[in-house]
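Engineer: What follows is each chain in one-letter form.
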Amino acid sequence: MTNEKNAVTSIEDSIVQVRDLNLFYGTSQALFNLDFDIPRNRVTALIGPSGCGKSTFIRCINRMNDLVDIVRIDGSIQLNGQDIFAKSVDVIDLRRRIGMVFQKSNPFPKSIYENVVYGLRIGGVTEKPDLDEAAVVSLKRAALWDEVKDRLHDSAMGLSGGQMQRLCIARAIAVAPDIILMDEPCSALDPRSTAHIEELIRELNGEYTIIIVTHNMQQASRVSDYTAFLYEGELVEFGKTKDLFTVPVEKATEDYITGRFG
Amino acid sequence: MKSKYLREGEPFVWCSGAALALILLLTLYLVGVIFQNGLGVFWVNSVARLEMTDGSLFMGEEIQTSEHSNGDSRVQLKIANRDLYSLDFKWVFHKDVTATSYPEDTVVVERLEYGNFIGFLSSVNLADTPASDGDQYSLLKTSLKDLSRHHGQIESVESQLADLNYEVERLDHKLGKLRYRDKQQSPDYAKIVAERNTLRLKFDGLVHQLSELERVQATNVAVFKDVNGTSVTLPLTSIVRIYKPNGLSFFGKFSLYVQKVWELFFDDPRESNTEGGLFPAIFGTVMLIVVMAIFSFPLGVIAGIYLREYARDGFMVRLVRIAVNNLAGIPSIVYGIFGLAFFVYGIGSSIDQIFFPEMLPAPTFGTGGMLWASLTLGLLTIPVVIVSTEEALGAIPGGIRESSYALGATKFQTLSRILLPLASPGIMTGFILAMARAAGEVAPLMITGVVKLAPSLPVDLQYPFLHLDRKFMHLGFHIYDIGFQSPNVEAAKPMVFVTTLLLLGIVIALTSTAIIMRSRMKKKFAIAD
Ligand SMILES: Nc1ncnc2c1ncn2[C@@H]1O[C@H](COP(=O)(O)OP(=O)(O)O)[C@@H](O)[C@H]1O
Ligand SMILES: [Mg+2]
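Those protein sequences? They're chains Z and Y, same order as listed. The first sequence begins at 1 in the numbering used here and counts up one residue at a time. The second sequence begins at 1 in the numbering used here and counts up one residue at a time.
These are computed hints drawn from the structure, not numbers from a lab. Backbone N, C-alpha and C fix where the C-beta goes; we use that ideal spot for every residue, glycine too. Among the hints, erroneous ones may be present.
A partial selection of chain Y residues facing chain Z, derived with a Cβ cut-off under 7 Å [claimed, not checked]: (1) GLY398; (2) LEU407; (3) ILE418; (4) ALA454; (5) PRO455; (6) ALA526.
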């Protein structure tokens, strides 16, 4: 099934264009000829069995793979029409435009407030009013404000798991990124917190481009507009979530979403 | 049954528990011995007067009783009066004693020389007042108090002398510099010579004044008798303290105890270090550790950061890591020898040749001193700091770094804002280990600058205030010196315990401060799991 992608008929407005992307860890290839567009201000879900390259792929978008010495990349990813692998691109600047939320919530051992404004501080913002405003706005956006407004300067370590994850989302939002990458953001959370985060993602939909990796088919169908199914490093199918879950084109997709393998 | 017992590892649990208990016991025993012997040193014991079967008389503090190898019990007396008996201690068999008494009017005199005197006071002869028949003991006490007031005068003259002396030395140094450059004809030279001569005159005047003061003082004397009636005349200036041990209340003994501990902390040593205070040694020990830390900690932390965060993990880094780990196993005397060769003879001599050529052949930095000893200790402790820094950084979960990078932080920002604070408790552990190790080292110091008796502290009021070239005293070396090199080992024994106790106290104080700081950091930078 090398190049049998279910081509999305048309994405009028895409923010990221992946072109012929191949990625190698040393000599072993992890991504094969990925080629698709990610729509702007929509939620795109990445699904696929463990080890199929979902994390590897989203870590390409903010070039976190630069931190892994053995990684070699072919092809290109365009963000707003600019090749992010080009020499002229400042990776620090790129990462500032792309927020990321990890599977394991990992707030810094600082106060809640300092966690939220960390990205701004390292970006050189020092004006207290600016920081305060950003903190309030992002905490509200992340639906955490009501719970923490009285203890902004307490350590973030006192929060519950779900609150920590929302704090990480607030932290990512605070720098006003173009894209938010989420790598299995709910897999370590209880159902209630998961529901909370899902609701948050739906609220952010339309304002931010969100790419979310998930193992949970229901979650993908609940929160996303588009879904990409990756299998063994290849893009098997990409399309509107509605279509992909109801009338999958590929047999493999159907097998996967109906739980017949993986 | 049996196999289940083995399978659950019960015997192993017992073994490890026993091993721990053994170690704890040994440590407690060691510390207990030190505390018991060290704390008791300054407590005033009663002085017994013993009449023997052969008619002879002894007086002394009862130090300990024990059994002789022939089964007879005996008591050790500190008979003091080294100038009369030449021995401070004597063992007496209980079966030879016919009578024991504790005369109320026994006096113990702590002297500047020859250790304590034990006996009775006969009379006090003062130069400016006629002899009186009143209570001689209280007369002596009040005169000693007056004397200490007069003594202030002598001390002020002495300190003036020291300052002048230092001034003269500085001028000599300048003259030497000019001579070295062949500038004897310059007007500066003549000016300095003139200045030096006036100082010299002033100096001689003060010396005269001092000897006059001392001559007057020497005419005030007290006459004592020992238990056999031998009289001893002591100038009041040679008396440090006098008390009647058998007449003292508990409170009196306690206040003496406090006085003596105070003296220990803040006075200079006497009698080849077996008496008096330990101030210079305490000061030297603490300063050595502080200077060592200033050099070694930043360097070790930076090296650890480089190794863990910046160096590319490969053959070289692994080699360096092995080397660093092994450095910690090199005997400390080897570090001492290296310090002597590299710092003292290498760097020190070069400094002398470049900056102090006029002083040669007398060395300035080309000889052991505070600076070189601290650097040598620094070298010795750096591996510990490097390893703990590396481990602390390595223990930080990868997710924390990635989150920081993902927010657009540079490597340096991540390091300084996230990683270092997180690693600080671990790094602190390294500091604690390094400090404890440094405080306990003696061997490398012995060849890089420690001395038995240092004439002046490495910090004083004379410009430039910090004299890192000076030699210094150290509690660890002090233990070795008085315990094994002293002419009067028995008399020095209590001081060995006291010094050990002090060293232990300093190490505990330093490390527990660090431990408190560490637990604060830990609380502040704890991460969720
Ligand atoms: N740092 C790495 N070094 C080498 N191989 C890696 C590394 N990270 C991931 N891989 C490999 O790349 C493949 C894709 O992994 P990943 O992107 O983590 O999968 P997913 O997130 O879909 O579970 C796997 O086969 C994995 O073993
Ligand atoms: Mg993954």
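Engineer: Should the interface hint for LEU407 of chain Y be scored as holding, given a Cβ-Cβ cut-off of 7 Å against chain Z?
Structural biologist: OK, holds: LEU407 of chain Y within 7 Å of chain Z, min 4 Å.
Engineer: Grab the minimum C-beta distance from PRO455 of chain Y to chain Z and call the hint holds if it beats 7 Å, violated otherwise.
Structural biologist: violated, 51 Å
Engineer: Hold the hint about ILE418 of chain Y up to the distance rule: shortest CB distance to chain Z must be less than 7 Å.
Structural biologist: holds, 6 Å
Engineer: Double-check ALA454 of chain Y for me: the hint is only fine if its C-beta lies closer than 7 Å to a C-beta in chain Z.
Structural biologist: For ALA454 of chain Y, the interface hint is violated, since the closest Cβ of chain Z sits about 46 Å away, which is over 7 Å.
Engineer: Against chain Z, is GLY398 of chain Y within 7 Å by beta-carbon distance?
Structural biologist: Hint violated; GLY398 of chain Y Cβ to chain Z Cβ min 9 Å, cut 7 Å.
Engineer: Min Cβ distance, ALA526 of chain Y to chain Z: is it shorter than 7 Å?
Structural biologist: holds, 6 Å
Of the numbered hints listed earlier, those contradicted by the structure are 1, 4, 5.
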